[in-house]
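Oh and the sequence shown: position 3 is 3 in this note's numbering, straight run, nothing missing.
Just to be clear, a hint being listed does not mean it is correct.
[Said to hold, decoys possible] For lysine to aspartate or glutamate, the following DMTMM-like pairs were computed, each having C-alpha atoms within a straight-line distance of at most 20 Å:
#1 Lys38 with Asp123
#2 Lys2 with Glu147
#3 Lys115 with Asp104
#4 Lys38 with Asp104
#5 Lys38 with Glu147
[Stated by the list, open to error] Have a look at the derived ranges for each label pair, beta carbon to beta carbon:
#6 Lys115 with Ile24: 16 to 26 Å
#7 Trp60 with Ala98: 26 to 36 Å
#8 Leu132 with Lys38: 19 to 29 Å
#9 Val122 with Trp74: 13 to 23 Å
#10 Leu132 with Ser50: 17 to 27 Å
For the record, the hints were derived by calculation from the structure and aren't laboratory data. Predicted, not measured: the structure shown is a model, and the values here were computed from it. Backbone N, C-alpha and C fix where the C-beta goes; we use that ideal spot for every residue, glycine too.
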Amino acid sequence: MKRWLLHPWLTTRSQIALGLVFVIAALGKIQDPPAFAKAIWNYQLAPIWSVHPAALVLPWLEFFCGLALCLGLWVRTVTLWILGLLTVFTLALSISLARHRPVDCGCFSLAGPAKTEAERLVDLRWAILRDLGLMLLAGQILFATRESKPE
1 MKRWLLHPWL TTRSQIALGL VFVIAALGKI QDPPAFAKAI WNYQLAPIWS VHPAALVLPW
61 LEFFCGLALC LGLWVRTVTL WILGLLTVFT LALSISLARH RPVDCGCFSL AGPAKTEAER
121 LVDLRWAILR DLGLMLLAGQ ILFATRESKP E
């Protein structure tokens, strides 16, 4: 099992999958920074002065990290950045869920049909599970690309 988890075939596909998810997630946010700023503000977790800079910087960070991962550039560094972003996203989603504060994730689509409070709470649960799955992909990449120590 360990040998399969460390196989370059799996690692390459994990890199591409994780990278594409981040590139795709970034594109809508890059095209509509005000809508992404509103999505960040709806979480009620960040001070007001940080919302607009975050809405401008985060999508580009996601995009470049995803692109670098797809291209196989700076794999460990970029994967650590992505893992950090996923941790922050998962915490924000979890806090909103714990508060029973149904927010639209703002992860991929910034516009969509209006949903009920119950539907948005279910969406938060699914988004947390999705992010945990993406963390597993990042973990596989980090595990497979670690430097082996001489024994």
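Hints, verified against the model:
1. Taking the CA atoms of Lys38 and Asp123, the gap is about 18 Å. The hint holds against a cut of 20 Å.
2. Proximity of Lys2 to Glu147 is assessed by CA-CA distance (about 16 Å); at most 20 Å being required, the pair is judged to hold.
3. Annotation: proposed proximity of Lys115 to Asp104 holds, straight-line Cα distance about 9 Å (limit 20 Å).
4. For the proposed pair Lys38 and Asp104, the alpha carbon gap of about 10 Å is at most 20 Å, so the pair holds.
5. Annotation: proposed proximity of Lys38 to Glu147 is violated, straight-line Cα distance about 42 Å (limit 20 Å).
6. Evaluation of the 16 to 26 Å hint for Lys115 and Ile24 yields a pass: the beta carbon distance comes to about 21 Å.
7. Distance hint for Trp60 and Ala98: a CB-CB separation of about 30 Å, consistent with the stated range 26 to 36 Å.
8. Here the CB-CB span from Leu132 to Lys38 is close to 26 Å, well matched to the stated 19 to 29 Å.
9. Judged by the Cβ atoms, the range 13 to 23 Å given for Val122 and Trp74 is violated: they are separated by roughly 37 Å.
10. Judged by the Cβ atoms, the range 17 to 27 Å given for Leu132 and Ser50 holds: they are separated by roughly 25 Å.
Checked against the numbered hints listed earlier, the structure breaks hints 5 and 9; every other hint is satisfied.
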